[in-house]
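So the protein lines, in turn, are chains S and C. Per my numbering, residue 1417 is the first one in the first sequence, and the count goes up by one each step. Per my numbering, residue 128 is the first one in the second sequence, and the count goes up by one each step.
Keep in mind the hints are simulated off the structure, nothing from the lab. Quantities reported herein were computed from a predicted structural model and do not represent experimental measurements. Some clues are possibly wrong.
Here are the computed lysine to aspartate or glutamate pairs in the EDC-like style, where the Cα-Cα straight-line distance is at most 16 Å [claimed, not checked]: (1) S:Lys1454 x S:Asp1497; (2) C:Lys192 x C:Glu173; (3) C:Lys192 x C:Glu216; (4) S:Lys1457 x C:Asp235; (5) S:Lys1523 x S:Glu1485; (6) S:Lys1519 x S:Asp1432; (7) S:Lys1460 x C:Asp235; (8) S:Lys1460 x C:Glu216; (9) S:Lys1519 x S:Asp1497.
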Amino acid sequence: IQMTQSPSSLSASVGDRVTITCRASQSISRYLNWYQQKPGKAPKLMIYAASALQNGVPSRFSGSGSGTEFSLTISSLQPEDFATYYCQQTYSTPRDTFGGGTKVEMK
Amino acid sequence: EVQLLESGGDLVQPGGSLRLSCAASGFTFSSYAMSWVRQGPGKGLEWVSTISGSGDRVDYADSVKGRFTISRDNSKNTLYLQMNSLRGEDTAVFYCAKVGAITPPNFDYWGQGTLVTVSS
């Protein structure tokens, strides 16, 4: 199952609303997770099952979608949110696949 | 507190071998599947291998099947990845990750990573 993220990068300012899209090559129900990765650090689980917020993740993060189209939204971008975000499908687990990533940069 | 600590990364020549380890603490290790995920320099994340909690089920990405072997020692709370016939394209940071308990599955904890460089 191929996962395609868009855009591959974006520039935004603190306070902006940001949306990242992830598309699956076939239906994956809601078997979709989102990770945040900062430079030199391990990925961190942010959202699982398409829309469930992992413990400790701020409520400005939200996820939606099912089937083949998914999105991650940051309602009001904060300085600590500048990072790269990856979607992951686990419909074909353990043969999970990740999207190519979306780098959120400061404008 | 869940902790995963990888070790064993190194510079190795093409065709060589290396064994990575991941020491786990803060949870009942034997109750959870564990995975290895790698990230090439400047690249995205790639799932490599997963092993069940008991160790009786394993799976591999096609890119490493036949060359890499995942295993675990539940008495030592340690995950391993034996890598043979290494190639330049195996150069990456290798992360171990704990598979979460909830469905659908996810990687709820990750180690800090260990760097494997394959070069002559």
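Agreement of Lys1454 (chain S) and Asp1497 (chain S) with the hint, judged by alpha carbon distance not exceeding 16 Å: holds (9 Å)
Proposed proximity, Glu216 (chain C) with Lys1460 (chain S) (alpha carbon, max 16 Å): Status violated; Cα separation ~25 Å.
Pairwise hint evaluation, Glu1485 (chain S) against Lys1523 (chain S), where the allowed Cα distance is 16 Å at most: violated (27 Å)
Holds or violated: Lys1457 (chain S) to Asp235 (chain C), with C-alpha atoms at most 16 Å apart: Within the cut-off at roughly 15 Å; holds.
16 Å Cα cutoff - pair Lys1519 (chain S), Asp1432 (chain S): holds (15 Å)
Restraint check for Lys1460 (chain S) with Asp235 (chain C), where alpha carbons must lie at most 16 Å apart: holds (7 Å)
Proposed proximity, Asp1497 (chain S) with Lys1519 (chain S) (alpha carbon, max 16 Å): Given pair Lys1519 (chain S), Asp1497 (chain S) holds - Cα atoms ~10 Å apart, limit 16 Å.
Hinted pair Lys192 (chain C) and Glu216 (chain C), Cα distance within 16 Å: Measuring from Cα to Cα gives roughly 14 Å; hence the hint holds.
Hinted pair Lys192 (chain C) and Glu173 (chain C), Cα distance within 16 Å: Status holds; Cα separation ~14 Å.
Of the numbered hints listed earlier, those contradicted by the structure are 5 and 8.
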